[in-house]
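The listed protein sequences derive, respectively, from chains A and B. Residue 1 is where the first sequence starts when you use my numbering, and the numbers rise one by one after that. Residue 1 is where the second sequence starts when you use my numbering, and the numbers rise one by one after that.
One or more of the hints may lead you astray.
Stretch-level coverage of chain B by chain A, calculated; a stretch enters the list once three of its residues show a Cβ under 8 Å from a Cβ in chain A [unchecked claim]:
id	region
1	5-18
2	25-31
3	40-53
PhoX-like cross-link-like pairs, simulated, lysine-lysine; straight-line CA separation at most 20 Å [as the list claims (entries may be wrong)]:
id	chain 1	residue 1	chain 2	residue 2
4	A	Lys-37	B	Lys-112
5	A	Lys-6	A	Lys-40
6	A	Lys-4	B	Lys-156
7	A	Lys-40	A	Lys-95
8	B	Lys-112	A	Lys-7
9	A	Lys-37	A	Lys-86
10	A	Lys-6	B	Lys-156
11	A	Lys-304	A	Lys-180
12	A	Lys-7	B	Lys-87
13	B	Lys-159	A	Lys-4
14	A	Lys-119	A	Lys-180
15	A	Lys-37	A	Lys-6
16	B	Lys-87	B	Lys-112
17	A	Lys-304	A	Lys-249
18	A	Lys-6	B	Lys-112
19	A	Lys-86	A	Lys-7
These are computed hints drawn from the structure, not numbers from a lab. Cβ coordinates follow ideal geometry from the N, Cα and C atoms, glycine included.
Listed here are the chains, written in short residue letters.
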Amino acid sequence: MQKKSKKVLLIVVSVLFVLSVGYFALLAPTTAWFFQKTDKPYVFTFADFDTEVTSTIDDLTVPLRAATRFADTDETLFDEVVHVVKVQAENHAGKAAQVRVSVVEGDENPTGLHWFLMKAPEVQEGDEPLTYKTIIESKLGESMGLKSYQLIAATQTKSVEQQYEEYNQGALEVLNAHNKMPVPVEAGESADIYLVFWAEYGEVIAEGLDADDLVTIGDYNVDITFTAEPYSNPTATMTMHSLSAVQVKILVPENENTSVCTEPYVGTYYVGDREFTTVDGTIEVGRYGYESDLRNILTGTRFKLQILTEGYVFEDSGKSFTTGTVNSIGNTINIVSE
Amino acid sequence: MKISVHNVLYNVFSITTTLVVLFLAIMFSFQARAFVVLSDSMAPVFYRGDVIFVRPVSFDELQEDDIITAHFPQSDDSVFTHRIIAKDSINRVVYTRGDSNMTDDPMPTAAKDIIGMYWFSIPNLGVISFEFGSVIVYVALGVAILLIISGFLVQKFRKRNS
């Protein structure tokens, strides 16, 4: 009898134990401070993010009145039919942050929706006309241009579906990789993030819709999630951008004890996924792609730039310069003709 | 009296579980709510991974330096736990800040959004929540209950056959 009651007690205690563990395992979290305004104008404010802070705009309607083909170099109506969602990310925390954006499509969406992440000042609200297509092409550089060239060149021999498949495997992969890049927001500052949506013509007609009536493709629904996280990485990327092929030389200090830049930068730099090495500080910009990146550079590192191709100068935020410091959110240096 | 490992384990298990259940019963009687801390913003009072207990309090009782748990403005789901740095009794709002944050929270918290006042915390208890996703917890708990019950059934079946 005692044994039986002991067993019953053990069952009861076991169930209570399991329920107790379940209670603690499923507790609601108390998180870092943030605020989201999910109606227009969209705002995502965070003030405290030693952990990730997430804000989601649920079930947003993206009305697109026509499809367009990004890869088509003759497409002049691209900017006319895109839908732009602007979100202001405000960093009230006392340290640098980065914001990542992800878009999840609704189950009932027609196919063909694509988007591209942009931020001010590369695009400004109210700019007319907003040349989204040019900006996207310039940001994606050679890989997008090359794929679009192949697509157009193959028009006579391949079906639209085949062409699109090739396009999808190449250019759109580059585009998706770009969209995963975080947007840096310095402490106390805000960043205007723009999501440019369009319906890709090739995919829309591949679904069997009437190619002559692409002005009624319907609405798309999306969930847009913004995630803010601390930007604690002590290294940053220095990006050089040039539409023309130029050579530059980068000089860095000899050691940590000096800020005088006398030594050539020795190491790797990247153009997209392609890796190059320099032993004398010379970097090719605009030759293999519009942007050349020096990655994992320690923040605070001083640098001095020399232009080796005549007729060009360095520009940062509209100002000419030759020396600078790698900051926590990275540096973007434009090389423009004099 | 014969002391077996089985008996010792049984007693430890039973006593521990009874204490946990008693503790939870007392918390419920005080209408306290527990939350897992996901942020280090209130360090060193409590840290990420701790479980904090919050008890209901009226707005009038709250004072500067009290730590409150509240819903974010315009949010019904997410909550935060920060210290009151100023109280505006006329507009019935409080201004808050995390102890280890470099800035104040950008917006005041309305009285209606306040869930309660921080009572105490248990360090690292939230690890259970971190380690197991909610679905996995449900499955694991279900399996645990099934194993317990089936163990007894098998034992009973063997005894009957012998």
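Which hints, by number, does the structure contradict?
2, 5, 7, 8, 11, 12, 15, 18 and 19
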